[in-house]
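Okay, here's what each chain looks like letter by letter:
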Amino acid sequence: MAVISYREAIRAALAEELTRDENVVLMGEEVANFHGAYKVSEGLLEKFGPDRIVDTPISEAGFIGMGVGASMLGVRPVMELMFWSFYSVAFDQILNNAANVRYMSGGLINCPIVIRGPANGGTNVGATHSHTPENVLANHPGVKVIVPATAADAKGLLKSAIRDNDPCFFLENTILYGEKGEVSDDPELLIPLGVADVKRQGTDLTIVTYGRCVLHSLVAADILEKEHDVSVEVIDLRTIRPLDIDTVLASVKKTHRVLIVEEQKPFASVGSQLAYMIQREAFDELDGPIHRLATIDAPAIYSPPVEVEQLPNPQRVLKAALAAVE
Amino acid sequence: MSKKAAPTAEPKASCAGLSAAAPINASLTKEEKIELHRKMVRIRRFEERSLRAYLSKKIGGFLHLYIGQEAVAVGCCTLMGKDDHVITAYRDHGHAMAVGMDTKALMAELYGKITGCSKGKGGSMHYFAPSLNYWGGHGIVGGQIPLGTGLAYALKYKKLKGAAMAFMGDGAVNQGAVHEAYNLAALWNLPVIFVIENNGYSMGTSQERSSAGPGLAKRAEAYGMNWGTCFGHDVYEVRATMDKFLTLAREKNQPSVVEIDTYRYRGHSVADPDQTYRTREEIEEYRNTKDPIQLFQKTLLAEGVLTEALIEQIDTEAKAEADLAADFAEASPFPTTDDIQKDVYWETDNPEKRTSKGRIFFD
Numbered sequence: 001m002a003v004i005s006y007r008e009a010i011r012a013a014l015a016e017e018l019t020r021d022e023n024v025v026l027m028g029e030e031v032a033n034f035h036g037a038y039k040v041s042e043g044l045l046e047k048f049g050p051d052r053i054v055d056t057p058i059s060e061a062g063f064i065g066m067g068v069g070a071s072m073l074g075v076r077p078v079m080e081l082m083f084w085s086f087y088s089v090a091f092d093q094i095l096n097n098a099a100n101v102r103y104m105s106g107g108l109i110n111c112p113i114v115i116r117g118p119a120n121g122g123t124n125v126g127a128t129h130s131h132t133p134e135n136v137l138a139n140h141p142g143v144k145v146i147v148p149a150t151a152a153d154a155k156g157l158l159k160s161a162i163r164d165n166d167p168c169f170f171l172e173n174t175i176l177y178g179e180k181g182e183v184s185d186d187p188e189l190l191i192p193l194g195v196a197d198v199k200r201q202g203t204d205l206t207i208v209t210y211g212r213c214v215l216h217s218l219v220a221a222d223i224l225e226k227e228h229d230v231s232v233e234v235i236d237l238r239t240i241r242p243l244d245i246d247t248v249l250a251s252v253k254k255t256h257r258v259l260i261v262e263e264q265k266p267f268a269s270v271g272s273q274l275a276y277m278i279q280r281e282a283f284d285e286l287d288g289p290i291h292r293l294a295t296i297d298a299p300a301i302y303s304p305p306v307e308v309e310q311l312p313n314p315q316r317v318l319k320a321a322l323a324a325v326e
Numbered sequence: 001m002s003k004k005a006a007p008t009a010e011p012k013a014s015c016a017g018l019s020a021a022a023p024i025n026a027s028l029t030k031e032e033k034i035e036l037h038r039k040m041v042r043i044r045r046f047e048e049r050s051l052r053a054y055l056s057k058k059i060g061g062f063l064h065l066y067i068g069q070e071a072v073a074v075g076c077c078t079l080m081g082k083d084d085h086v087i088t089a090y091r092d093h094g095h096a097m098a099v100g101m102d103t104k105a106l107m108a109e110l111y112g113k114i115t116g117c118s119k120g121k122g123g124s125m126h127y128f129a130p131s132l133n134y135w136g137g138h139g140i141v142g143g144q145i146p147l148g149t150g151l152a153y154a155l156k157y158k159k160l161k162g163a164a165m166a167f168m169g170d171g172a173v174n175q176g177a178v179h180e181a182y183n184l185a186a187l188w189n190l191p192v193i194f195v196i197e198n199n200g201y202s203m204g205t206s207q208e209r210s211s212a213g214p215g216l217a218k219r220a221e222a223y224g225m226n227w228g229t230c231f232g233h234d235v236y237e238v239r240a241t242m243d244k245f246l247t248l249a250r251e252k253n254q255p256s257v258v259e260i261d262t263y264r265y266r267g268h269s270v271a272d273p274d275q276t277y278r279t280r281e282e283i284e285e286y287r288n289t290k291d292p293i294q295l296f297q298k299t300l301l302a303e304g305v306l307t308e309a310l311i312e313q314i315d316t317e318a319k320a321e322a323d324l325a326a327d328f329a330e331a332s333p334f335p336t337t338d339d340i341q342k343d344v345y346w347e348t349d350n351p352e353k354r355t356s357k358g359r360i361f362f363d
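Note that the protein sequences, when read in sequence, are chains L and D. Going left to right, the first sequence walks through residues 1 to 326 as our numbering numbers them. Going left to right, the second sequence walks through residues 1 to 363 as our numbering numbers them.
These are computed hints drawn from the structure, not numbers from a lab. On a predicted model such as this, the values are computed, not experimentally measured, just so you know.
With beta-carbon atoms standing in for the labels, derived distance ranges: (1) L/E46 to D/F334: 51 to 59 Å; (2) L/A127 to D/T336: 42 to 50 Å; (3) L/V306 to D/G60: 45 to 53 Å; (4) L/V306 to D/F334: 49 to 57 Å; (5) D/K159 to L/Y302: 42 to 50 Å.
One-sided excerpt, in silico: chain L residues whose CB lies under 10 Å from chain D: (6) S71; (7) N100; (8) L108.
Glycine included, every Cβ here is placed at the ideal spot set by N, Cα and C.
Let the sequences and hints guide you as you build the complete structure.
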């Protein structure tokens with residue numbers, strides 16, 4: 001166990017999997033010589049060489065599609081999008097090819113590709129660079145969508161994704177890259193996809209969340225306990241598809257109240273699906289309506305102090321939680 | 001109405017006059033030549049049979065027929081060694097048959113039956129046979145071209161022999177993904193040949209109304225790639241041209257763009273009325289003067305390889321094969337609703353090896 005950053009944890013996962021399997025390659029814009037736009041791949045070129053750590057042109061449709069084709073023939077590419085926001089540029093390759101090829105071939109072709117990179121807002125880069133595409137991606141059967149909140153989860157989940165035989169989309173929150181945590185150095189320590197983590201135990205309210213909102217929720221939960229005598233359980237989904245709804249339902253049966261917190265636009269979001277599933281499968285357990293806190297419904301605003309307010313933050317979570325237990 | 005524009009650029013690697021005498025053709029045995037002819041006839045009869053099934057509403061969706069272009073798929077795919085790979089677009093029946101897929105499974109796929117090559121999940125545009133190095137069958141114009149580049153990348157990365165042929169129509173050349181793929185292939189010296197089957201029309205838009213510049217293959221020059229054009233109605237010429245570029249790819253990792261002049265007699269798809277963008281006379285002229293099967297038949301008669309009786313026999317057999325495929329498709333069952341969620345994820349099809357947890361499908 002060592003205390004390392006989220007960024008270093010992802011790097012460690014890459015290094016371990018590159019070492020374990022020579023079919024694994026890391027590709028993307030600036031991943032090699034520049035060490036990644038967010039320095040995730042620092043040192044990997046030096047360790048694994050230019051055949052395995054590959055700089056691509058700024059050409060998302062081309063290189064993501066190339067990765068899909070290579071994966072069909074036995075390479076296991078990890079493709080870095082400099083920003084997940086650029087998924088729109090490669091959308092045809094991500095969805096028509098990566099997500100569909102197994103199905104359309106009647107199961108003859110596998111596509112073991114990982115597409116990863118920084119996602120989400122909060123870095124004051126405006127609407128083009130602040131997308132949260134997990135709901136769009138997870139809407140497509142055939143893919144898996146992973147959103148780690150901590151360094152340990154980032155490492156264990158990425159290793160599982162690289163070993164998975166289906167296309168995995170791994171969304172790293174830009175702001176979390178510097179967050180530190182205890183991370184195992186056991187190269188066989190995997191975290192299975194589709195297992196939620198109860199980050200905090202509680203009895204009065206269940207907050208269902210993922211990604212950076214886990215951190216906001218934990219801050220708010222401490223305040224709720226100290227200042228309002230409300231005991232909050234915080235569930236980190238970790239994976240959006242597959243979805244560990246059972247852990248959510250078990251918590252609802254304990255607390256009987258739910259707040260969903262997500263860094264998503266509210267319409268047709270991950271939270272929309274969660275709310276539907278909770279009311280369908282645990283309606284009798286609910287002591288009040290399911291509440292939700294999402295990003296304020298507009299493209300990402302640039303103005304730095306206002307963007308903080310547009311996104312979920314600890315204060316907004318606190319307010320929403322109080323409304324949910326009222 | 002626009003007349004189909006022929007490739008305008010001078011070929012960089014001309015094979016004119018050399019096609020039949022080129023070593024790749026000169027070394028063909030009599031049986032191999034007959035087989036080239038047979039493959040083209042089988043494709044045409046299969047297509048005609050599938051059209052009948054479509055018109056009697058046995059087949060849903062789109063049906064992009066290959067009739068008129070047979071010499072391209074047969075010419076190219078009969079050059080494949082065991083290490084070579086093919087990927088193509090939605091007009092994929094010809095390539096699928098040329099690589100050796102079973103017509104019964106192909107017809108059953110059109111009928112949406114579980115016995116189809118993609119278990120009724122892909123349809124006409126999505127044929128696949130990875131065991132024959134045939135990687136589909138892709139529905140988005142140009143979307144398969146980065147994938148074909150990826151096949152070539154995988155060959156090079158894994159230090160395998162062989163090359164990839166990535167087929168597209170003339171409409172695909174204006175897609176950005178195609179140019180991104182060209183750039184990657186040229187930048188990284190990947191063993192891929194981008195094959196443009198230029199039948200003159202992207203759906204109903206003639207090439208002269210859709211593509212700027214002096215020829216489609218010549219765009220390769222911007223990327224420092226080899227390029228060539230050829231007369232795609234002559235299977236010998238297709239083979240002679242492609243052999244040259246395949247050798248460059250296999251032996252020197254040099255990518256190329258090859259524009260093959262061809263023509264389709266039917267509409268873009270069967271749903272295309274085919275009356276608004278070209279004349280009946282134009283189609284008839286191609287049929288009468290450039291039909292690839294007729295031309296090759298004539299050549300082989302002159303060579304003394306084919307006889308009228310053998311031509312008749314091959315045609316009868318091809319019709320019978322297509323009928324048999326249709327009978328097989330008719331008799332086969334549809335997938336059931338239980339099949340809908342199979343083949344989505346590797347791990348749900350291999351539950352004993354499943355590593356993820358949680359709910360994977362939703363309702």
